[in-house]
Structures are given as C-alpha cells and as structure tokens.
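Colleague: Given next are the chains, with one letter for each unit.
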Amino acid sequence: MTAEATSERSRLTGALYDAGVTALLAFGLLLPLIGFLTVTDIRNELVLTTRWPLLFALAGIAGFGRLFYALSIEPWLRQRALRPAAVTPPAWRVVLGKWFVPFAVGFVIAYPAIVLAINGLGGSVKWIDNFGIQILIYVMLGWGLNIVVGLAGLLDLGYVAFYAVGAYSYALLAKEFGFSFWILLPLAGLLSSFWGILLGFPVLRLRGDYLAIVTLAFGEIIRLVIINWVDLTGGYAGISGIPRPTFFGIPFTANEDGFAAVFGLEFSPIYRTIFLYYLILALAFLTAFVTVRLRRLPVGRAWEALREDEIACRSLGINTTNTKLTAFGMGAMFAGFAGSFFAARQGFISPDSFTFLESASILSIVVLGGMGSQIGVAIAAVVMIGGTEIMRELDFLKKIFGETFDPTQYRMLLFGFAMVLIMVLRPRGLISSRAPSVFLKQRKTIGADLVKEGHG
Amino acid sequence: MEVFLQQLINGITLGSIYGLIAIGYTMVFGIIGMVNFAHGDVFMVSSFVALIAFLILTTWLGVTSVALALLIVLVVAMVFTSLINWTIERLAYRPLRGSFRLAPLISAIGMSIFLSNFVQVSQGPRNKSTPPMVQGEFVLFTKNDYGVTLSYKQLIIWGVTAVLLAAFWYLVTKTRLGRAQRACEQDQKMAALVGVDVDRTISMTFVIAAALAAVAGTMYLMYYGVVSFADGFVPGVKAFTAAVLGGIGSLPGAVIGGILIGLIETMWSAYFSIDYKDVAAFSVLVITLIFLPQGLFGRPDVEKV
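Quick mapping for you: the protein sequence lines, in order, are chains H and Z. The numbers in the working numbering rise by one with no breaks, and the one at position 411 of the first sequence is 411. The numbers in the working numbering rise by one with no breaks, and the one at position 255 of the second sequence is 255.
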C-alpha cells in the first residue's frame, strides 16, 4: 500500500469520525428543544409531544454536512491556499470596480419602470414597496449610522432611538398642527440631531463596549418612555392616521383634486408608492453625498483620525469632544429624516417598530458591509433586508413541506444565522478594503486588516 | 415598614437570579474582553430546557417528590445549557479571537437573535406556563392586615444561590482551573507561555457561565412559572447592568450588583411606578457607566498608548 493511499484512507476515516461526532453533538444540542414540543392542550395545561423524526433528520443533516465539508470543500480550500496569490486582480474585477457604482445608480433609478414593465400596474406595489422602499430605508439608516460607527468609530447600539424621535416628531407635529411633510422633514432631522447631541454629551468619556452599552440603554429608555407616556404617544397602540406626504401640495387620493385626476390618469395606489420610492431614494443619495463631502472636510478627517487613534488625536490638538458630538449629531439627523419618512410612508407608528432588534439590524448592516464603505453598506442592506423580505415570497416551499409551513417565521432566525456566518467567514465585512481620503501621490487601497483601529 | 421588608425579600430573590446571570457576563468579559450579548438568551434557553425536563419528570415518569424533581431538573438544565454554550463559543466566538474588536460583538448579537428565534420557531411564540412547582410560605409577622411572607420558593432560591456561589468561589480561588482562568484574565500570552491551555480555559469559562445561567433559568421558571422566547433580552441587560455596577471583571461585584439591581427594581415598583421599573434599571446602567465606569469593586481602566 502506498503512502498516498494510506493518507487517503486516514482522511476518510477522520472525516467519518468528525461527521459522527458532529451528528452526536447536534443530537445533544437539539434534543431538548427539537426532540420535545410543549403544547397547551384544551384544558389549558402544558403537555409534551415528541418529534423524534425531525430530531434524527436534523442530526443526520448536520453529520452529512460535516462529511461533505471534510471531503469536498476542505481539500479545495487547502489547494486554493497553496496557489500563489495573483499580483494583479483579474480583469473582471477591474471592470466590476469601475462600472459597478454607475450601473447600480442607474438600476435603482430605473427600478420602478422595470417593475412596472414586468408586473403591470396592479402587481407592482408590492415589489416597489417591500423591496425598493424597505431596502432603501435601511440603506439610508446604514449610511447614517456609518458616519457614527464607520467613520468616527463610536459603537452605537441605540441608533433606532433617533429614528423613533424623527418618526414621532413628524407624526405628532403633523397631526396636532397640520404642518406639511416638507416643513417637518428638516424639523424632524433637527430634533433628532438635538437628541443625538444631548445623549452624546454624557457618554463621550466612555470607550468601546461601554459606549455601546450606554447607547443601548438610552435607546431602550426612549422606547420605554414612548410606551409609557400614553397621553402623548398613545403607548403600545401607537399613532395612526398620520398625514401622508403630498406631491407638492397635490394629495394622492381618488378625489377630483388628487394626483391621478390632476394629471389625467386612472387612480391607482401605485403613484404614491413610486413617489415615496423616489423620495427615499433622494434622501438616501443626499446622505451618501453629504458623507462623501464631509470626509474631505476637516471634521471628516478628524472623525477618521479619531477612529484610528484617539490618544494621537488628542495630542495633535483635535477637540475630541466636538468631533464626537458632530458625528453623533450628524448620524442622528439622518436617522431623523429616515424616521419622518417612515412615519409618512406607513401612516401608522408604534413602539414595536423601534426595538433593539432594529438597532442591531442597522448596526449589523454597517459592520457586515465593511465599516466605512458606503458601497458595502448598500450591498449588505440589499442582502440582509432583501433576503429576509424574499422569505415572504417563497410560497413554493409550502408545496414541499405542507400547507402549515410558513417561511416568514424563519426570517429572523436566518438573519441571526447570517450575521454569525458572515462574521466568521469575513470578520471585516463584505467590502474590506480601505481607500484613503487624503493621499500624497497615488491613491492606494489597502486591506482593512492592516488598519490599526484603536479603541475609541 | 412592612412593605419595605416584603420588597426587601422580593428584591433579594430577584437579585440572586440577576447575580447568577451577571457572573457569566463578568467572567467572559474579564477573560476575553467581550460583552457576551447572547448570554441573556442562553439563560432563556436554559429556562426552556428546565421546563421540558420538569414536564418529562412529572407527567411521564411520575416523579412525585418535588425536591427530587427540582434537583434533576437543575442538573439536566446545567448539562444541556453548558453543552449549548460550549458549542456557541466554539462556532461563533473562537474563530473571531484576535480579529478586530467589533467582530465578536456582532457575532454575539447575531447569536442572540438566532437563539430567541430558534426557540420561537421550535417551541412556538406563546407564553409557556407551568403549574406551580413549590407552594407554601412562612408568614413572618402580620401588622394592619399586611403579612410579610417568605415563600418556600424564595427560600429555595436563596439556598441554591448560596450553595452554588460557594462552590463557584471554591472553583475560582482554589482549583487549577480557577488559577488558569485568573492567569488568562491577566495576560493570555504569558499564561500560554507557562503552559496554560488558553483555548480550553476560555471554553471552560463559557461552560461555567452557562451552568450558572442555567441555575438562574431554572429558578426563574420556578419563581414565575412562565417563560417565553422573548424573556432573554431584558433580564440579560439587567444582569449586565449588575455586572457593570459591581465592577466588570469582579466576581463578588457581580453578585452584589445583582442584588442591588433586584432591590432597586422592586423598591422602584413599590414606591414609584411599576411602568417605569425597567427605565430605572437602565438609568442605573447609564449613571454607573458615566460616573463610575469601574463599578463598585472593579479596577480602574488604565489607558495605555
């Protein structure tokens, strides 16, 4: 027997052994929660039922998955590691890098037209609303939080609080005083920004994880106050009947002075949806544009310097307090814009929309995108939010797993799983290179793992 | 006075549960400098394991002795939760060791979302309530028709917490594993150089943290008799508050911080407003971190260039 054959065989036994151990481990892990199901019976008592087939199936899948990994993916990875790294990037990457942004911008501008062409007037609302607007809100929130986390390096786990401030500002002011959306949009941004600075002020001395936890606590406090201050906010019931935005004074109603009638079109809810789509698109572009310009200003450079090394910043005479506060205020302002847009789009808001889970989702979009990279954030928002939204559309799975199978309930489960998976595979995020905003002769993009990133 | 005494008893009970969870936060933070966001959800999972174990014992195996059932439930919950937390550390945190500082935190947040949704999907979104496991109480004294009582449940929680803390204290101060843990806490590289298996020590830290969370989970189930998939987050944050208040990294601090948070919460509910009791706990967290970031028993964080 040759040495090669021996090693081949030992690899096989090793893989089988690993697969066995994995299956056993999965069995042990899933035994209590999958193996047994607690159900409330007719007499309102908890009783147990068992799900042995499901338990064995899942443990088996884990074992075979491990076996497959060991026999096919692992050797491939090992071979790839042996190959010398290419000095120049392949041609397709150069083309992609050059044309991706113009193509993406063109696509999002043309998106409603494409959807209309495919689905017609009736079937398009869902696609523009659930996918277009929903994703763009998160892109905008991601870009806003990117200023705080990605540029200034301040970990903020309570970002959704400012989103809530913007939404409630718009809802309350519009309902009580009847101001229009266009007056309240900047006002909501201003109020959110004010809260951002107010909450930012006491926490500036904190660093890293501590800062994260305090911002989390602030976010929860604001949510709990919204829940309990029933006179003002309606508590859990929320606020409904929020005035919708108008097309420069023309409402989107079926009336005679409504949008459709004025422009001589047949009434359809699609016009409002398309209008809202372009509105959030414009707001998102505004966020991106402001961020790009700010990075070239002294304050933007101070943010990035602060992210890399706070002590060095201070010793160079940068006022770290002001720098951090501007980052907080700026990030909160965009959250306020997004919040007032959200209230105007939904027509109804309640504290349920502003839970910690939202903050975590936005933060994960920023980090998964590769902190600081705007393209990365946009891609991460499309992947994470679009991915969970698409779960709603997978009706064909019902044919496989039976009518009771509801794919939507697995959305957040997969969301959490994807967060862990992306972190483990690409801890630096999807776009993990850093391009300097200031350079001497030549712009040189480097891997983010070469950047120090001190704790700030 | 009667109200105060009653709330004192309730507060210490609640605080014991928080303290047990807080130890998990403080140990993990001490050894790898990471806020283990999923710990609250590990606690919730342990509560479900305890619920299922209790139902198996009482309805299928017909165990009638409550003390025996509780003991078995406790052990079962500890074993399974430890296994779960060990696997989580292995899959979600260990590959990220030495990566940049946000990576493990994001991974832990993802794990937290995963765990609570896993329980929701596998066990259903409704609250699960059990028949009362332990009934009966001592009436300490009665005055103006207001009896101050100490229930058997509360006594059990005090007793179990005290015994486990003693065992845990012995483990950390007197055993080889405890010594390795303290060494890794101070300097992982140096500890590795003198022959401490750092990876194994960190794994064991997660196992111990999970075992204590499982005790808290069982006690929580026994005390309230109801658990749902969403019950991990708020106790988790409160326990983290306790760990911060006591000084993160300090083990006695975590327990004392837990009891303080329990007391603040119950006293606030009794004397001010029950709606805002969570706001009170979160405010304590904010105030502590701003004015006393090293906590009551912690070492001040030295800034190095």
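The hints are simulated quantities; they were obtained by calculation from the structure and are not laboratory data. Note that beta-carbon positions come from the ideal geometry of N, C-alpha and C, so glycine has one too. Hints are supplied without guarantee of correctness; some may be wrong.
Under 8 Å between C-beta atoms, here's a sample of chain Z residues computed to sit facing chain H [as the list claims (entries may be wrong)]:
#  : residue
1  : Val35
2  : Leu51
3  : Val66
4  : Leu68
5  : Ile72
6  : Leu102
7  : Tyr224
8  : Ala230
9  : Phe233
10 : Leu296
11 : Phe297
12 : Gly298
Colleague: What are the numbers of the hints the structure violates, in ascending order?
Modeller: As far as the earlier hints go, 3, 4, 5, 7, 8, 10, 11, 12 are violated by this structure, in ascending order.
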